[in-house]
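Enquirer: Those sequence lines, one after another, are chains B and G. Under the working numbering, the residues of the first sequence are numbered -15 to 412, in order. Under the working numbering, the residues of the second sequence are numbered -15 to 412, in order.
Just so you know, the hints here were simulated from the structure itself, not pulled from any lab data.
Since the list can't tell identical chains apart, any single copy or any two copies may satisfy a pair.
Taking lysine-lysine pairs in the DSSO-like style, the calculated list, with each CA pair at most 30 Å apart, reads: (1) K136 / K84; (2) K137 / K(-9); (3) K382 / K73; (4) K84 / K183.
Note that the structure is a prediction, hence the values are computed from the model and not measured.
Here is how the chains run, residue by residue.
There are 2 protein chains.
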Amino acid sequence: MQTVIWKQLNSEQQLQVLSRPAVNSSTDIAGIVADVVSQVREQGDKALIDLAAKFDNTELSAVRISQQEIEAAEQGLSEEFKQAVAQAKANIEVFHQAQKPQPISLETQPGVRCEMHYAAIGNVGLYVPGGTAPLPSTVLMLAIPARIAGCKKVVLSSPPPIAPEILYTANLCGVDEVYAAGGAQAIAAMAYGTESVSKADKIFGPGNAFVTQAKQQVSGDHAGAAIDMPAGPSEVLVIADDKANPAFVAADLLSQAEHGPDSQVILVTTSEQQAEAVNQELARQLALLSRNNIADQALSHSTAIVVNDLAQAVQVSNLYGPEHLIVQTEQARDLLPEIENAGSVFLGEWTPESVGDYASGTNHTLPTYGYTRTYSSLGTLDFMKRFTVQELSQQGLKDLSRAVVPIANAEGLDAHRRAVTLRLGEEQ
Amino acid sequence: MQTVIWKQLNSEQQLQVLSRPAVNSSTDIAGIVADVVSQVREQGDKALIDLAAKFDNTELSAVRISQQEIEAAEQGLSEEFKQAVAQAKANIEVFHQAQKPQPISLETQPGVRCEMHYAAIGNVGLYVPGGTAPLPSTVLMLAIPARIAGCKKVVLSSPPPIAPEILYTANLCGVDEVYAAGGAQAIAAMAYGTESVSKADKIFGPGNAFVTQAKQQVSGDHAGAAIDMPAGPSEVLVIADDKANPAFVAADLLSQAEHGPDSQVILVTTSEQQAEAVNQELARQLALLSRNNIADQALSHSTAIVVNDLAQAVQVSNLYGPEHLIVQTEQARDLLPEIENAGSVFLGEWTPESVGDYASGTNHTLPTYGYTRTYSSLGTLDFMKRFTVQELSQQGLKDLSRAVVPIANAEGLDAHRRAVTLRLGEEQ
Chain B
-15 MQTVIWKQLN SEQQLQVLSR PAVNSSTDIA GIVADVVSQV REQGDKALID LAAKFDNTEL
45 SAVRISQQEI EAAEQGLSEE FKQAVAQAKA NIEVFHQAQK PQPISLETQP GVRCEMHYAA
105 IGNVGLYVPG GTAPLPSTVL MLAIPARIAG CKKVVLSSPP PIAPEILYTA NLCGVDEVYA
165 AGGAQAIAAM AYGTESVSKA DKIFGPGNAF VTQAKQQVSG DHAGAAIDMP AGPSEVLVIA
225 DDKANPAFVA ADLLSQAEHG PDSQVILVTT SEQQAEAVNQ ELARQLALLS RNNIADQALS
285 HSTAIVVNDL AQAVQVSNLY GPEHLIVQTE QARDLLPEIE NAGSVFLGEW TPESVGDYAS
345 GTNHTLPTYG YTRTYSSLGT LDFMKRFTVQ ELSQQGLKDL SRAVVPIANA EGLDAHRRAV
405 TLRLGEEQ
Chain G
-15 MQTVIWKQLN SEQQLQVLSR PAVNSSTDIA GIVADVVSQV REQGDKALID LAAKFDNTEL
45 SAVRISQQEI EAAEQGLSEE FKQAVAQAKA NIEVFHQAQK PQPISLETQP GVRCEMHYAA
105 IGNVGLYVPG GTAPLPSTVL MLAIPARIAG CKKVVLSSPP PIAPEILYTA NLCGVDEVYA
165 AGGAQAIAAM AYGTESVSKA DKIFGPGNAF VTQAKQQVSG DHAGAAIDMP AGPSEVLVIA
225 DDKANPAFVA ADLLSQAEHG PDSQVILVTT SEQQAEAVNQ ELARQLALLS RNNIADQALS
285 HSTAIVVNDL AQAVQVSNLY GPEHLIVQTE QARDLLPEIE NAGSVFLGEW TPESVGDYAS
345 GTNHTLPTYG YTRTYSSLGT LDFMKRFTVQ ELSQQGLKDL SRAVVPIANA EGLDAHRRAV
405 TLRLGEEQ
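Construct all of the structure, not just a fragment, from the sequences and the given hints.
Expert: As structure tokens, then:
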């Protein structure tokens, strides 16, 4: 990775260093996805079966996976894997249970009670990508908060053939139905429903450019479904001082780089020697990885930034707003109050990103691509919605009318005023 | 309004009765808005000045309203209005202060600390529509939670000429900058910034079809800005039993109907006599309204639904998912546990919708058009974002590695495993 000295750059160059690679969102993809969405809306299950043959090279006898097949998935799995999933599940449950919101009830003035209530979203759809390796961790991160929130129906779709790790984890987490559908067609099926697929109110989960585009399209249609958050390539920013272990720093950078050639990896360090040492470790460790080709491509557009001090390091991090922020400094927690834009923060030398990816208890579904400025780490609240309640006494209404009536008059809305004054006998 | 008997309808007819009028989202509007957005991005303030002359018939000397002009706005306003705004502001502050979230910190297992932190969104832009009457209540509902959340910079845009009620309320609520810009051009200016307009990370507020389309467009561009929620025409559903006062029910239906010809108004009642009595009251009260032409148009596509009992009334309401739900029954609070989809609920005969529109303390920015299934009433949390933090001890990492390593292996991600095992001395 290239090394730059922050203070030697002008502000335009600084922004350039922190710019993200352009995401492929060609009109080609939009058109292909629009066609797939139409096909699924018109033909339902038949479209899913046809598209599985075409894109997944799979002959489906049914879109929905039978409970028998789901339960049989456990057989081929090791005890070690099952215990790992159980441990991760327990931690994720503890942290997401703690996020369950408390209702609010108070009087803003005598006789005027205001409340905030929460209700689970009724039907949610979870998407779990396929590809070179199964992602049981994605099942954990989506299904556990859905169940804790209290969603009535939780369904999951993943491209066929679905790995036993996915089926096992889905069953363990109480997913109600599993569908063998991938890509844009899975998103369309859950957004609109088919003969076999239950319509979801909101769709969650990562995916490739087609999945992302399909989520955008169905969320823009009020007959479709809401979605969790905009998606972008995964990324990490590591803040390291001169005391950090360069082998640990390099290992963290590589664990992000191996995700994909478009992963972005940034080191911000107070020490030019540290940047050099990390670069040497990257070269050494890269050779040991089975996905070293992917990681190497990601590193080719990544940068080490040398800053004056840790305050400047946090400024750079806030400007970038990383999905994952790893802080490997002597007093890592001291930087926390200044952190504004990040998806998930990993403090100290014993906290690699992969603990959050799988098992610490935090959610690994995070805003990326700069969306940390406005979007939140996925949590139990994303599977719920808030609504307010108010209840006034007769005297409360009388007292509040002194505020309501003049504002209604200023806004020229007679009936707004009259709904109050008629009740109080002041107008007929 | 027409009256239907719910049990006499088949399920298709039931859905038809609850269907919302189609929203005009023609490609014409999308094209016009795209042109305006481009013009503002390219020409900045000049575009805003040109478009104010074209659409608002106003010659602007500057886009930003001077502090002097803002402070002068108070002079023409009545004490009654100012006291009303002060009372509303105090109530809204109490309820939105109570929504400030508490961070979470716990150990999911020994040595594995997980935390949820909250940070304010840095820069927010508020849009306040112009039109026939000024809307100071919209200023209250957007600026107060922004300030309570702790946003660094709060800016507001409204079409010129801006009414003194808006300027006064904006100043009272601590808005930092006010711009004389309306429509799609105001949204574009706040999303991308101009010489005079400060770029916002997230844009809030209601508007017409052009504003709504502009919000959609800028929120789809990662260089643009996030938005509060999708918009649709305003709507109310009133549940009334046979004991409800038909004059009160009619007043509430009219206070929604006067918003616009596309407002939707639904009465759900257990009593056919009640439906008839409300219809008579509607006719009587309609004649007294200055906006009776608008209200009459809204009522022409509205319906009274007669149901078997209150349980069925709540089912109908949940199916519709109204923005505003008014419950005028003897034991209104008893229905609350069954309510799933609603933006804001008004309990009992002394709680008209207009108290929530202005002054009870709840926010009047609510999901509509069926979005109550997945979206929340606007609150302090919408001006903040959550991020997670984790911090492990060396022993915590060792204990957690039993979960992380098998899952990383199942997912085929070597570097994810190695970030753990290298720290523990188990791999080099």
